[in-house]
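Number of protein chains: 2
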Amino acid sequence: MSDKVIITEVGLRDGLQNQPNPVSTQQKLAMANALINAGVTHLEATSFVHPKLVPQMADAADVLAGLASTSNDLNVSVLVPNMKGYERAKENGVKSVGVVVASTDTFNLKNLNMTTDKAASICQQVIEQAKLDGLATRVYISGACVCPYEGKTPVDVTLGLTEKMIATGADEISISDTVGGGNPQQIIDILTPLVEQFGPERFNLHLHDTRGQALAMAWAGITLGIRRFDSSIGGLGGCPFAPGASGNVATEDIVYMLQEAGLDTGIQLGALKTAVEVSAQATGQSLGGSIYHWMLSQEKLKQDKEARENPCI
Amino acid sequence: MSDKVIITEVGLRDGLQNQPNPVSTQQKLAMANALINAGVTHLEATSFVHPKLVPQMADAADVLAGLASTSNDLNVSVLVPNMKGYERAKENGVKSVGVVVASTDTFNLKNLNMTTDKAASICQQVIEQAKLDGLATRVYISGACVCPYEGKTPVDVTLGLTEKMIATGADEISISDTVGGGNPQQIIDILTPLVEQFGPERFNLHLHDTRGQALAMAWAGITLGIRRFDSSIGGLGGCPFAPGASGNVATEDIVYMLQEAGLDTGIQLGALKTAVEVSAQATGQSLGGSIYHWMLSQEKLKQDKEARENPCI
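Chains A and B, in that order, give the protein sequences. So the mapping is simple: the numbering used here equals the position in the first sequence, first residue as 1, plus 3. So the mapping is simple: the numbering used here equals the position in the second sequence, first residue as 1, plus 3.
Treat the hints with caution; some may be incorrect.
Where chains are identical, the list cannot tell them apart; a pair therefore holds if satisfied intra-copy or between any two copies.
The calculated PhoX-like cross-link candidates involving lysine-lysine, where the alpha carbons are at most 25 Å apart (straight line), are [as the list claims (entries may be wrong)]:
(1) Lys121 - Lys93
(2) Lys308 - Lys113
(3) Lys167 - Lys55
(4) Lys155 - Lys308
(5) Lys121 - Lys167
(6) Lys98 - Lys155
(7) Lys167 - Lys303
(8) Lys305 - Lys113
(9) Lys121 - Lys155
(10) Lys155 - Lys7
(11) Lys87 - Lys276
(12) Lys303 - Lys55
(13) Lys87 - Lys303
(14) Lys113 - Lys276
(15) Lys155 - Lys305
(16) Lys276 - Lys55
Keep in mind that the hints were calculated from the coordinates and are not lab data.
Starting from the given sequences, assemble the full structure and let the hints guide the process.
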């Protein structure tokens, strides 16, 4: 199995969409630059949703323009809720779009104001058009493990939606534990039949760390050959339509685990520390996963040691 | 493979040995009672070390006497550093003792003031005597993944020590990531050959959560058939001889993961919340793993909802 892992940084979209304080376009680009400097190559940059629903994403076009002038090698994707959002994404030169369908009617109604059937059909519309236009597509199967309103999601529901989206031609499926209520056994139950049928390459895991389970779930994915993960710098985030959800698994935490385990993310851990700090400043939030705090404690140990060894300096 | 998992609560020993504030025998017994109420059946209660080295364990005999009057069904073990500690443990009616050997000379010298060969030979002495006396034995292979002084531990070193202890007759081997510097791939690399040779039953994982890797490492163990884990209520702990190490994986975190994954620990999560609070009060420390904080946030959400629904009450 491949040692290469693709980390898609979703902090600028999933991480920011629920922030209480406005984050300026300039601040978002500073976050993106810090991430690019750390070696991030895949970035979900924003979403083309209605600015009344998600005001933090109102500057989607400006963020994309800023990124276009920053780096040519970046794989930028955006989230679109429907064909209108898709058209705006395409007009703005995006090469990869994400769409969302949740596992239950209640979640789809609360999140997208439509039934699961309707949400799935909109995803299919976007996928079909994107194929005609030559854009790549990713489908988030939201609430794949747990629905915040209906409880544990039956495996068959997640499998059914996934198969439907693959049949329509989705390039990538992101199995999404939107509220961080899943466990590693669920990842095995969901992904084993999918990997058997379709291979591991097209599957991504989008994990929130609300209950500290994200790394164990990611590891369960690794054992099945999954090599694509979403994460959010410093664990930034939470979902406005999913009560109790905290942020995505912190980028520094998953990068650390994977690299220690001998896998190659291409990302430099030390530079992620700076990216956490830039993001904390941009959002006014206290950020940082376990590894950020561990890096801080290591710095402090080193300083204390130097102070002991050189008491007069 | 079995669905039963044995959780050994080590908070009273590993968790308390490094606490700055004295914890009274009565407070320790209050912690033990809260844990027993939650369904904990395996408890490492204390250690027979020199009270000058670890003052928090000076009341070892009193703790054991208190526990003996509390519960008949509890499996109590204690840590002993040498034959003298072993004799004291036996005199105090203990049925199960733990001994420690670390993976490197530097770690053994700092922790036990002896070389690895000497530490291994003392472990063997204790095991042999315990077999004659009919006591059960557990050997901690400390620094099994990482030595805080020498870096990553070669797999062969950990395997060599483990095999030597099994050959001597150790009932249980606790593969111990003492500083929380390991990763799930190391667990696989260490345990795959051991499980192939000896089966999974006699192996225990003792994981610290310094870098947030403990649950992923535990899950790696689960996939190999490991069904024994140490943990510490609320993540209490740290090692006085291992700079930068934080506490063991929190009992509530590992119990949550295993139970959600369909495994049976026999422990009630709700009652662990109380045990975290009793332990926080006893130690004067702010305690709690991810799941403790998640349980708090769920309570708050429920209260807020009730307040919205019953604004006049």
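Now for the hints, and whether the structure bears them out:
In this homomeric assembly, Lys121 and Lys93 come within 25 Å of each other (Cα to Cα) only inside a single copy, at 22 Å, whereas the closest approach across copies is 70 Å. Taking the closest pair of Cα atoms, Lys308 and Lys113 come within 25 Å of each other only across two copies (17 Å); inside a single copy the shortest separation is 53 Å, beyond that limit. Proximity of Lys167 and Lys55 under a CA criterion of 25 Å is satisfied in neither setting, with 31 Å inside one chain copy and 67 Å between copies. Taking CA atoms no more than 25 Å apart as the test, Lys155 paired with Lys308 passes between copies only; the shortest distance there is 21 Å, against 49 Å inside one copy.
Proximity of Lys121 and Lys167 under a CA criterion of 25 Å is satisfied intra-copy only: 13 Å inside one chain copy versus 63 Å between copies. When the C-alpha separation of Lys98 and Lys155 is checked against a cutoff of 25 Å, the pair qualifies neither within a copy, at 34 Å, nor between copies, at 42 Å. In this homomeric assembly, Lys167 and Lys303 never come within 25 Å of each other (Cα to Cα): the closest approach is 52 Å inside a single copy and 38 Å across copies. Only between protomers do Lys305 and Lys113 lie at most 25 Å apart by alpha-carbon distance; the minimum there is 19 Å, versus 49 Å within a single protomer.
For the homomeric pair Lys121 and Lys155, the shortest alpha-carbon distance inside one copy (22 Å) is at most 25 Å, but the shortest distance between copies (53 Å) is not. In this assembly of identical chains, Lys155 and Lys7 lie within 25 Å of each other by CA distance solely across copies; the values are 22 Å between and 32 Å within a copy. Taking identical chains as interchangeable, the C-alpha atoms of Lys87 and Lys276 are never at most 25 Å apart, the minima being 37 Å within one chain and 48 Å between chains. For the identical chains of this complex, Lys303 and Lys55 are neighbours neither inside a copy (44 Å) nor across copies (28 Å), given an alpha-carbon limit of 25 Å.
Taking identical chains as interchangeable, the C-alpha atoms of Lys87 and Lys303 are never at most 25 Å apart, the minima being 51 Å within one chain and 38 Å between chains. In this homomeric assembly, Lys113 and Lys276 never come within 25 Å of each other (Cα to Cα): the closest approach is 35 Å inside a single copy and 31 Å across copies. With identical chains, the CA atoms of Lys155 and Lys305 are at most 25 Å apart between copies only, with a shortest distance of 19 Å across copies and 45 Å within one. Taking the shortest Cα distances, Lys276 and Lys55 never come within 25 Å of each other, neither inside one copy (33 Å) nor across copies (40 Å).
The structure shown violates the earlier hints numbered 3, 6, 7, 11, 12, 13, 14, 16.
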